[in-house]
Amino acid sequence: MAELKKTPLNEVHRALGAKMVDFGGWDMPVQYSGIIEEHTAVRTKAGLFDVSHMGEIRVKGTDALKFLQKMVSNDVSRIKTYQIQYNILCLPTGGVVDDLLVHKERDNEYLLVVNASNTDKDFKWLLEHKEDENVEIINESPKTGQIAIQGPLAESILQKLTDVNLADVKFYRYTYGQVDGVKCLISRTGYTGEDGFEVYCPWEKTVQLWNKMLETGGDNILPCGLGARDTLRFEAKMPLYGHELGEEITPLEAGLARFVALDKEEDFIGKSALKAQKEAGIPRKIVGLEMLDRGIPRAGYTVKKDGKEIGFITTGSYSPSLDKNLGLALIDAAYADIGNEVAVAIRNKDVKAQIVPTPFYKR
Amino acid sequence: MIKSELKYSKDHEWVLVEGNKAKIGISDHAQDALGDVVFVELPEEGDEVTANESFGTVESVKAVSDVYSPVSGKVVEVNEALLDSPELINSDPYGEGWMIVVELDDASQLDGLMSAEEYEAFLKEEE
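Protein chains in written order, with my numbering: chain A, 1 to 363; chain B, 1 to 127.
Everything labelled a hint here was simulated from the structure, so no lab data went into it.
Check before you lean on any hint, since a few could be wrong.
[To be verified] Label pairs and their in silico Cβ distance ranges: (1) Asp84(B) to Asp263(A): 45 to 53 Å; (2) Asp47(B) to Gly307(A): 52 to 60 Å; (3) Asp32(B) to Asp323(A): 16 to 24 Å; (4) Arg294(A) to Asp11(B): 21 to 29 Å; (5) Thr93(A) to Asp106(B): 55 to 63 Å; (6) Asp195(A) to Glu96(B): 21 to 29 Å; (7) Asp111(B) to Leu91(A): 21 to 29 Å; (8) Ala33(B) to Lys349(A): 49 to 57 Å; (9) Glu80(B) to Asp168(A): 53 to 61 Å; (10) Phe122(B) to Asp337(A): 49 to 57 Å; (11) Asp84(B) to Glu341(A): 17 to 25 Å.
[Claimed, not checked] Pairs of lysine-lysine, BS3-like flavour, derived with a Cα cap of 30 Å: (12) Lys285(A) to Lys304(A); (13) Lys80(A) to Lys170(A); (14) Lys349(A) to Lys10(B); (15) Lys74(B) to Lys349(A); (16) Lys349(A) to Lys124(B); (17) Lys19(A) to Lys3(B); (18) Lys124(B) to Lys6(A); (19) Lys19(A) to Lys10(B); (20) Lys124(B) to Lys19(A).
This structure is a prediction, so every number in the text was calculated from the model and none was measured.
Even for Gly, the Cβ is constructed at its ideal location relative to N, Cα and C.
Bound-form chain B, shown alone (with noise of 0.2 Å):
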């Protein structure tokens, strides 16, 4: 499933631009890759994350995998109810999955990202 109004990374991840704001998951392509999430490791509130680097990471229970940034700027909001229920990252990826909110360094790294129609066919190729 791919969600139109959002922007995707080819790491999987997925963003949702609200103002100078990035809300930001990972796709459910990546979740069904993954399997069962058991586990999650989010920055603090404040911190500052770079586009392309890890911000944290995502355990099923075969797999660890770090979750790269689509853009650089400083975490505004964690969505701590992950660190209880990680399973969340697999029932809803693009809902209560989301992962944290960035406040934009610079909005044109978001010119880097695909759009729904470029993701899906990204997934195909990578098949």
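Isolated chain A, as found in the complex (with noise of 0.2 Å):
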């Protein structure tokens, strides 16, 4: 097996005795104090994520924009400068290469950040289509630190840091401003349904970053391992690529259609078998599941009405949050309707499960 990569932190979480776990090919944390814990501290009063993982590409040049419209769903031409937008690269069959966020640096210029293990794939896919358009393609991953501050308390707790007002960065907008005295991309995003921002800078200057923001912090903060991202974005009805997206599922099943702009001009991959879908009625959708009776749903398991296998469980968890045993689950469309009941196949017994509104929690 290749050795793990590591992001610049790595001494750090184990010094601060975090468990670590093989995520992608990245040695990161899973937890620091426990899972519930840290998903609570977010919920309540503050989290620090490392995702120095994440994949940065920059894409500029005169056809930057023109690029983007073939390779992503959404219209990146409604985007002002400093505005970000979720954004999901399809293959021609409408399954989906990856989800990404576009940040737009300037006119000929976006910033792409990409999940940490599909970074080399993306790299490697926007390269794949780059035909006669003037456009450069940096993959500037290696270089870039990133460290998420999420939970009510966030924006106090970096407005100490920073001297940009926080306040004027508004939902998915960024600027750029200098934090403990380095310079850095500070946007108003994160993956946990709370508020909160994520914070990009160099490299090297990430464990200055990380020990003054927690320090900061102080008893408001905690440190935050990939479980309590997990529960937290699921509680959220945050999509994760490998489990509500994936190579086998579209964008229209997973319920985004709202990020997928079939009416824009250009033909982006995977617009035509998306409209075809659209058009024939979405055979699969996204729902979210409460149990019944006791279980809890893990990804995988198989989700069946009146005996019949119906789909499968994309997410599955324990919610910190909500105290309940929930579960996102892609399902034959035609059983999706909220309140109806189900059943979740959890080691060879099938567990009374209903459909429930989402996204399980919201702020």
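Please assemble the complex out of the two chains, which come individually in their own frames, going by the hints.
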């Protein structure tokens, strides 16, 4: 097995007593003090996440917009400088290569933030599809550190460290400014369903900023691992590639139609397949499930209706915020109505569940 | 933490022997490795359990783990409190976090288990 990749904070995580796991080839903290405690800190105070493993790819040149309009599902022409847009890179089949955030740096220049384990695949995908466009595609991941500070107290903690007036940075907007004397990209984004920021900094400054944010937050902040990141995003129904999205699941099935601009002029990759799927009727749908009887649904478990298989769980967990056992499932659209009773096959037993509205948690 | 009066299995269960009965739970090491326990599935009184076979399930936020019985016999007591308070396994693995009591079929099965000292050495080796 190849050696695991390490973020600049690897030693810091170990010193904090984190449990480390292999996450898509990265040696990452899954938890420090405990997933439930970390989860609760983000919902009630603040949590700090090392997300330096995420990929950053810069696309620039006079045809940058034209190229991106061909590659991604959303209409990139609609965002202004320092605005961020959620996007999907599709296959010609309508399946998903990755989901990502597109940051508009200026006219003709965009910064793409992609999933860690897909960075190399995405970079290659973009390069392969560059034709005669005047565009430069640069993988900046190895030199970019990233820290997410999330939770209701995130703004007040980060404000103590920066000259930027954070109240001016609206949701899905960003700016550049000093954080503890280091020039950073600061965006009001996150993957937790709470208010918060993601701070991009030079790789070698990541430890300094992490330590400073923890120190400044004091009792109001906890370092949080991938375990809490997953339960937080799950409650907020934010999709995770490889679970709610993948090469075999289209964004329409995943309920992400509002990020698929079928009406945009340009033909993006996957557009015709998605249009056809929409016209024919979307066959499957991601729904929320709440267990009615004892059991925790887990990714991959079969979902049934009257003994017949109708789909599978994409993510399932005990929900710390709601104190319930919940799941997201990709099922036959015919059974997707809220209130429907279904069953989840847990260890050869069919356990009753009900389709419920999502997101499970909304701040 | 390892308790000296208990016996241990390689699957990280502990056994407290009282006459011909064995009380069974999972070790402190096991609960720590699992993290926050949020769900427990246990057999019912009267069920038979078999040595080295799964008798129940413990789930943490992230992981699903089988619990293996170190001994064979009939289940005579079940810790029902765990169904509503699975976190007792984290907070008190050797006390309130006990799982079942089994009436032993064959007390010689206990000979295959580790003493506290042996288990401590086993954990060091596993690291």
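Do the hints match the structure? See the list:
| no. | hint | in the structure |
| --- | --- | --- |
| 1 | Asp84(B) to Asp263(A): 45 to 53 Å | holds (52 Å) |
| 2 | Asp47(B) to Gly307(A): 52 to 60 Å | violated (26 Å) |
| 3 | Asp32(B) to Asp323(A): 16 to 24 Å | holds (23 Å) |
| 4 | Arg294(A) to Asp11(B): 21 to 29 Å | holds (24 Å) |
| 5 | Thr93(A) to Asp106(B): 55 to 63 Å | holds (59 Å) |
| 6 | Asp195(A) to Glu96(B): 21 to 29 Å | violated (39 Å) |
| 7 | Asp111(B) to Leu91(A): 21 to 29 Å | violated (60 Å) |
| 8 | Ala33(B) to Lys349(A): 49 to 57 Å | violated (26 Å) |
| 9 | Glu80(B) to Asp168(A): 53 to 61 Å | holds (56 Å) |
| 10 | Phe122(B) to Asp337(A): 49 to 57 Å | holds (53 Å) |
| 11 | Asp84(B) to Glu341(A): 17 to 25 Å | holds (24 Å) |
| 12 | Lys285(A) to Lys304(A) | holds (14 Å) |
| 13 | Lys80(A) to Lys170(A) | holds (13 Å) |
| 14 | Lys349(A) to Lys10(B) | holds (28 Å) |
| 15 | Lys74(B) to Lys349(A) | holds (23 Å) |
| 16 | Lys349(A) to Lys124(B) | violated (38 Å) |
| 17 | Lys19(A) to Lys3(B) | holds (24 Å) |
| 18 | Lys124(B) to Lys6(A) | holds (26 Å) |
| 19 | Lys19(A) to Lys10(B) | holds (22 Å) |
| 20 | Lys124(B) to Lys19(A) | holds (17 Å) |
Hint check: violations occur at hints 2, 6, 7, 8, 16; the rest are consistent with the structure.
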